[in-house]
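Mind docking chain B on chain A? Use the hints.
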Amino acid sequence: MALKPAQKALGPIRRSFAPWLDPSAVPLIRFENVVKRFGDFTAVDDVSLDIHEREFFALLGPSGCGKTTLMRMLAGFEAPTSGRITLAGKDLAGVPPYRRPVNMMFQSYALFPHMTVAQNIAFGLKQDGMPKPEMEARVTEMLRLVKLEPFASRKPHQLSGGQRQRVALARSLAKKPKVLLLDEPLGALDKKLREETQFELMDLQQDLGLTFLIVTHDQEEAMTVADRIAVMNHGKLVQVATPGEIYEQPNCRYVADFIGDINLFEGTVTSAQGGLVRLKSPEAGAEFVTASEAALQPGAEVALAVRPEKMRVSLEPPPAEATNPLRGEVWDIAYLGDWTVLLIKVEGTEKIVRVSRANVTRSEARPIGWDDKVFLWFAPDAGVLLKS
Amino acid sequence: MRNGLSSINLVALTFGFAFLYLPIVLLVIYSFNASQLVTVWGGFSTRWYVSLWHNEQLLEAAWVTLRVGLISATLATALGTLGAITLVRMGRFRGRTLFSGMVYAPLVMPEVITGLSMLLLFVAVGLDRGFFTLMLAHVTFSMCFVAVVVQSRLVSFDRSLEEAAQDLGCPPVKTFFVVTLPIILPAIVSGWMLAFTLSIDDLVISQFTTGPGATTLPMRIYSSVRLGVKPEINAVCTILIAIVTTGVIIASIATKRAENERLRAERAAAAGR
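Residue numbers (UniProt numbering), protein chains in the order written: chain A, 1 to 388; chain B, 1 to 273.
Hints in this document: simulated from the structure, not taken from any laboratory. Keep in mind that the hints are not guaranteed to be accurate.
Unchecked claim - Simulated crosslink set (SDA-like; lysine to any residue; CA at most 25 Å straight-line):
(1) A:Lys155 to B:Leu263
(2) A:Lys155 to A:Arg194
(3) A:Lys126 to B:Ser160
(4) A:Lys191 to B:Lys256
(5) A:Lys132 to B:Thr175
(6) A:Lys192 to A:Gly162
(7) A:Lys387 to A:Asp261
(8) B:Lys174 to A:Lys191
(9) A:Lys387 to A:Arg253
(10) A:Lys90 to A:Lys191
(11) A:Lys126 to B:Glu163
(12) A:Lys126 to B:Ile183
(13) A:Lys147 to B:Phe176
(14) B:Lys256 to A:Met115
(15) A:Lys126 to B:Thr175
(16) B:Lys174 to A:Lys236
(17) B:Lys174 to A:Pro101
(18) A:Lys155 to B:Arg267
(19) A:Lys155 to B:Val155
(20) A:Lys155 to B:Glu162
(21) A:Lys155 to B:Lys230
(22) A:Lys132 to B:Phe157
(23) A:Lys147 to B:Arg267
(24) A:Lys126 to B:Asp158
(25) A:Lys387 to A:Ala295
(26) A:Lys126 to B:Phe177
(27) B:Lys256 to A:His114
(28) A:Lys192 to A:His234
(29) B:Lys174 to A:Arg253
(30) A:Lys178 to A:Leu208
(31) A:Lys126 to B:Tyr49
(32) A:Lys192 to B:Glu162
(33) A:Lys155 to B:Val25
(34) B:Lys174 to A:Val95
(35) B:Lys174 to A:Ala295
(36) B:Lys174 to A:Ala93
(37) A:Lys236 to A:His114
(38) A:Lys147 to B:Ala268
(39) B:Lys230 to B:Val25
Extracted from the complex, chain A is given alone in its bound form (with noise of 0.2 Å):
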């Protein structure tokens, strides 16, 4: 089913791919302090974003932060109620969808149920009164981009959810648009096929080198497949970044929260000083000592947010030299094969701890079970302070 391997020797340009550190690159697409409001609803709050060119870029967050309203006001359906949106340098206000250089892969792929499958990807073409020997050959190049040469004259209804998927995207990118815009296009699959497209997707952004933006509320899809994910809430940018960087560097409580799993301890700065920063957690009974250059004064409210795979445990007690030690009761085990996910409640407290570990052998002598009294340390850099 794989579409054919992304070209290995954009393998370095990827790797350097940053346009977004360059102060000298011009970005493609900007909005500039975009809002949009329905009523008395602020659907998309002052968002300034950049998106460059040749960038996968997915905007994440759960339903109704916005996300999908923003690029619907890059694709022309909505019109910004403040700000500007840019594209190559012009101004996009007044342009109407139909004269937009970018295209959409809908969520419900939105395949036109009385055309078939080749008619439905010469759709935008025949718009552009492109020549018939020129359309017909396009065509087939899509056809055969997205493996469905065999289906070219069946009617949507007719084929499966996969296959409606590749036509939608077929449609979509048979224009050759500037700007591809994706919104939810995998969410109607399962699991085995939506992880099989996301590379797939990703291959074929690089080989068309096109921009593609990408709506969705899977954060694992974003991860995968994104260059840089912007995390959305209330319509608001809460983080513009890496996947590394979101994973391991949120910015605060509700990206460390929403992204993958994470222990919170409150807490409150006792010392901070030559790059560590002491808090008191009174709801883990303990005190902790993390790597951080922020400048904090004594007594401010802080959260050290630490994920779950980077906890230590053990039974038998921690070597000297660890750094913040807990104790605690296994209360529950959830064994996922790749990964066995501990939740300890640390001793004299209601705290619980996620902790998770990789699974290398296939027996351990004496595996932690439940009830089990055990130990509990991580290293100071393996936090994250957070202070909103």
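Relative to chain A, chain B alone:
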């Protein structure tokens, strides 16, 4: 669970069908009656069908009915479709509730009132009653049925299809004709057929709004029945029944076929993934 019919069900079914179809069967049988008297069987004959062919009045009435039906159904379909589009697509404009109420009012209005009020209107504006007023009246009452049928289709119409068309470079008006219209066409066609059927069998409103020279078939049949049922009328009715039955059977076969075709295609798609 038994699949067969119990004796009670069988009796109920027999009576039910008898109530529905016995009169019609009798009518059909008597249309082949050789006797001049409607209630006396005088042997099999097709003479009334032959004499029907020479009855200028009835043929003229049938022609009027057909023309009124075709024209009024077409106009009603155009207006009803526009009304439905306005109701579904224009959002909440000022007076929307009033508008939708007025579109649907003829649906529940007693025919006598609709007929009478239209008669008063035609008299008031000095419009000579005849073919034209008859047609206007038919458009008025059948339009709302078209609006109902088309509206129910439009409500379930996926708007993203139109957005997709525009996104691919198709301007809005063209989008309506190449995407929206073909998809809602089945609803528009059934709206037209409904309007046509309503028009050809309307009696009450026609009585009020027609004038000399524009007598429809139902009016002609009704008036001749008042002078005593002639076997000729039975023949006309039998022909009408035959036409309607054929139409219904063809339509249901076509629907069934399309449905089977679709199911087969879907199954094939699911199996092939």
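May I ask which of the numbered hints given earlier this structure violates, with the numbers listed in increasing order? When the structure is compared with the hints, numbers 4, 8, 10, 13, 16, 21, 22, 28, 29, 31, 32, 33, 35 and 37 turn out to be violated.
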